[in-house]
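Spelled out from the first residue to the last, the chains are:
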Amino acid sequence: MKKLTILFLPLLLAVAGGCSKEEKDYVYPEIEMDCCGGFPVNCDEIQRGTTFTFIAKFSDNAALGAFSLDIHHNFDHHTHSTDPLNCEFWPIKSPVNPFRLIREYEIPEGSESYTASVDIFIPADADTGDYHMMVRLTDKAGWQTIKGISFKVIE
Amino acid sequence: MKLKAFAFAILMLYVSLAFAQQKHTIQGTVLSADSLPVAGVNITAGKKLSGTTTDKSGLFSLGFLSEGNYVLSFTAMGFEKQSHTIELTKDTLFLIVLKPRIVTLSEVEIINSHHEFRRSNDSRPVEVVNDQFIRMNISGSLMQSLDRLPGINSISIGSGQSKPVIRGLSFNQVVVAENGIKHESQQWGADHGVEVDQFNVERIEVIKGPASLMYGSDAIAGVIDLKQSFLPEPRSLGGNIDFSGQTNNMLGAVSAGLHGRYEKLWAKARITLIDYADYSVPVDSVEYYSYYFKLKDRKLRNSAGEEKNGSVSLGWVTDKMSSTLFVNNTFSKSGFFANAHGLEIRNSQIDYDRSDRDIDLPYQQVNHFKVHSRNLININGLNHQLDIAFQQNARQEFSEAVEHGYMPKPPDSLERRFDKESWSVNYTIKNRETSKVNLSGGVNAEIQQNQSAGWGFILPSFSRKMAGAFLVGESRPTTRLLISGGLRFDAGNIRIEQYNDWFVSPVSAQDTTSVFKERASASDLDFSHLSWSAGMVYKYQKLTLKVNLGNSFRMPLAKELASDGVNYHMYRFEKGNPDLKPETAYQLDFGMEINHSVWAFELSPFAGYFPSFIYLNPTYQYYEGLQVFEYKQSKVIRGGGEMHFHYNLGSKIKAGAIGEYVWSRQLSGEKKGFGLPLSPPASFLINLTFNPGDAVFLSDTWISADFKLVSAQNEIVPPEKKTPGHQVINLSAGTTFKAGNQPIILTLRLSNLLNTRYLNHTSFYRLIGVPEPGRGLNIGIRIPFLVKPKQLQK
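If you're matching them up, the sequences are chains A and B in order. According to this note's numbering, the stretch in the first sequence is residues 45 to 199, in order. According to this note's numbering, the stretch in the second sequence is residues 3 to 796, in order.
None of these hints come from the bench; they were simulated from the model. Model, not experiment: these values are computed from the prediction. All C-beta atoms in this analysis are idealised placements derived from N, C-alpha and C, irrespective of residue type, glycine included. Heads up, some of the hints might be wrong.
[To be verified] Quick look at which bits of chain B chain A covers, simulated, 3 or more residues with Cβ under 8 Å:
| # | stretch |
| --- | --- |
| 1 | 253-262 |
| 2 | 404-417 |
| 3 | 617-624 |
| 4 | 670-677 |
All chains, please: the whole structure from these sequences, using the hints.
What follows is the structure, encoded as structure tokens:
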């Protein structure tokens with residue numbers, strides 16, 4: 045019987061503890077891309093053989109976690125941006141040497157807001173055409189927000 | 003006992019009493035299948051209003067009846083109604099044996115002897131329902147049809163697939179069994195349903211509590227045991243044909259069953275065909291990440307599906323033994339919502355809107371084959387039972403071949419393929435039911451082989467072996483008290499195969515060497531666990547009190563132990579943890595039930611503690627561009643319970659209420675303070691049922707209305723979203739009418755009467771904001787037929 049009491053002690057304690065007010069983070073972080081010099085925005089065009097700077101503003105109620113960028117071609121129109129505006133796509137085509145970037149980035153510990161600034165070089169031999177960029181952002185608690193935009197790589 | 007209860011016989015005994023008089027008397031005795039007198043049976047003779055009831059000894063008497071034809075009806079709580087036509091020319095004596103009727107409290111119906119027997123012999127909360135309950139609450143799949151039971155919810159994947167949730171736990175924490183044998187399907191993915199033919203289920207027993215004692219690993223939250231328990235009568239041949247239609251997804255279903263028995267040899271067979279189109283939702287578009295998917299005709303693109311099921315059972319039954327061979331095969335194919343399979347928005351060149359009935363990519367296809375031999379024999383008062391089963395589950399998931407991340411465009415559309423073969427052997431021995439202490443002991447063993455293929459990796463190939471031994475006992479020190487308890491030891495082994503990507507990717511951002519990355523490492527892991535349970539049931543007149551404390555467990559799954567790759571459905575990186583220990587849980591259950599003649603009340607609270615809950619923790623980190631989810635173990639406490647009340651407002655109207663609530667909290671780990679994923683919100687259901695009584699050609703008529711209030715779910719964990727509360731009204735009605743001599747059972751169910759737009763927190767598509775189906779009318783027609791036993795045709 046004593047054993048049982050021991051087993052259920054944490055339970056009772058937790059029920060008691062559960063009643064005390066705890067602040068839990070239920071808020072998703074936010075990505076702002078069309079503000080404060082954000083680049084690129086939906087339907088932008090970027091010249092190949094150049095370096096562009098990705099700029100976006102991140103914020104969270106508590107603490108930001110990390111972010112990742114994923115740039116891939118959308119020559120087959122398979123993905124859609126999360127932006128309500130449709131960009132005009134070029135005709136469907138097969139990739140030869142598409143540009144690709146998959147990279148994760150850190151955010152300084154404890155930041156409530158952060159302006160990301162990442163230099164990205166698009167090689168001169170990369171395929172031109174429709175590309176898609178996914179920006180993924182987490183906060184410390186594990187909530188993730190995704191933004192996707194379409195842009196074009198041009199000559 | 004079950005055999006006895008179901009191998010019922012209707013005996014009619016005419017004893018003529020040689021009194022010549024103008025007015026006659028009908029006298030008799032009413033017994034239950036186990037030869038006990040049944041008190042309170044209502045007996046009516048024809049349209050005469052002055053009926054009678056049986057006394058404590060089951061005796062009744064109807065006097066002063068004129069000569070002529072009478073239809074004698076016998077109705078009693080918990081028994082099938084019986085009618086006999088007699089030509090009254092003299093005083094007559096009857097012996098009636100009533101067949102138990104399986105209904106539950108949750109139908110806001112009367113309690114029956116079998117149900118009561120099952121419940122009062124288990125210190126855990128138990129629900130028992132029959133095929134009639136399923137017909138009354140029919141939904142696209144079995145677990146959705148069971149959703150109405152207190153403490154039971156479902157995770158639905160579109161309109162035709164679902165998996166069970168018992169008190170907020172699901173996946174491998176719930177065992178679905180068929181005739182006592184664990185149904186080995188692929189229940190680890192959120193989009194995997196349970197493959198069973200809901201037309202083939204005759205009785206369902208739900209245990210809401212730790213059940214590892216009898217079922218071994220996985221039965222932490224409980225068990226849903228689907229039973230084919232109906233045994234045809236000797237020298238009978240019968241069957242039924244079911245037709246079902248649903249307006250919301252334009253479902254058409256036909257199921258035909260046959261059953262027959264000579265003397266000792268019996269057989270049953272069933273074929274079911276189901277076809278459904280895309281289901282409709284009460285919205286024109288679905289918003290996801292500020293993008294609106296426009297829906298054509300308010301239909302959820304590519305959610306159509308089909309099912310083809312067949313089963314055959316063969317049996318041999320005598321007083322001392324019974325042997326049954328169950329063979330069944332289920333096949334289902336169903337589409338996934340085209341615009342967001344998983345979490346990412348997808349565009350496609352497929353013209354999904356050309357037809358709402360075709361199944362395009364992405365879709366899933368599952369074939370489940372099962373052979374089960376069940377053998378019971380009584381030797382010198384000892385009951386031996388031997389079960390041997392083989393199952394093969396072949397699941398395939400197809401989606402458009404597109405490149406993703408470092409993965410180039412795959413050669414075909416076969417994203418995942420799982421082939422699972424499992425053998426299980428159970429042996430149980432029980433002593434005499436008349437013994438002072440009823441003991442049963444047994445051993446079981448199980449071998450599984452899982453092969454994974456396809457270009458999308460979530461699960462490595464693995465094999466699993468398990469064996470367990472148990473001893474369970476129960477005793478009745480007094481007539482009011484039942485004490486039960488048991489112990490079980492299980493040991494198991496999982497052998498996981500190494501898996502490497504079929505494409506190359508750079509080692510890291512710094513080291514751009516291209517390699518075939520290892521996604522699962524070869525491992526060989528052993529587990530063991532000692533589970534136990536103890537409880538008691540106390541009955542005093544109309545009051546039943548229950549208490550049960552149990553410990554149960556589950557072995558970690560291969561993907562929890564060893565996966566290290568991208569889940570292309572959820573677009574996240576899932577990281578296994580080879581250090582996981584078995585997940586264990588302690589649960590304390592209480593139960594209180596009061597059964598009054600006019601009302602009944604039941605309360606079943608529970609509290610549980612998991613020292614090592616296996617939790618897929620969403621971290622803030624990224625790997626290969628995707629959020630990393632890591633399998634961790636944390637301490638979790640849970641609590642909650644169900645409430646059930648019903649009241650008879652006169653003889654024709656019944657009112658009922660069902661409430662359920664689950665609460666959970668993680669006490670350690672990174673999500674300390676948070677609850678658990680897919681927690682069903684609190685809900686309250688109010689029911690009104692009207693039974694107008696038998697009309698000229700209609701019998702067993704009922705009209706029922708359910709008003710369900712569901713609270714908001716604000717206790718969420720990433721990647722969930724808070725789900726607002728909602729209210730839904732469902733109506734149903736049914737009757738039995740006769741076309742000549744042929745009875746036809748008609749069931750109507752109108753779900754979501756007001757076409758309310760609402761989200762279900764535990765639905766697979768909730769994450770992408772897809773509301774639940776809109777208004778839909780389901781029509782079911784059952785045509786039973788029976789070539790009656792010869793002794794009845796005299």
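For each hint, the structure was consulted:
Against chain A, the stretch 253-262 of chain B contributes 0 residues with a C-beta closer than 8 Å to a partner C-beta. That does not satisfy the three-residue criterion, and the hint is violated. With 5 residues carrying a beta carbon less than 8 Å from a beta carbon of chain A, the stretch 404-417 of chain B meets the three-residue requirement, and the given coverage holds. Residues of the stretch 617-624 of chain B with a Cβ under 8 Å from some Cβ of chain A number 6, which satisfies the need for three, so the listed coverage holds. With 4 residues carrying a beta carbon less than 8 Å from a beta carbon of chain A, the stretch 670-677 of chain B meets the three-residue requirement, and the given coverage holds.
When each numbered hint is compared with the structure, a violation occurs for hint 1 only.
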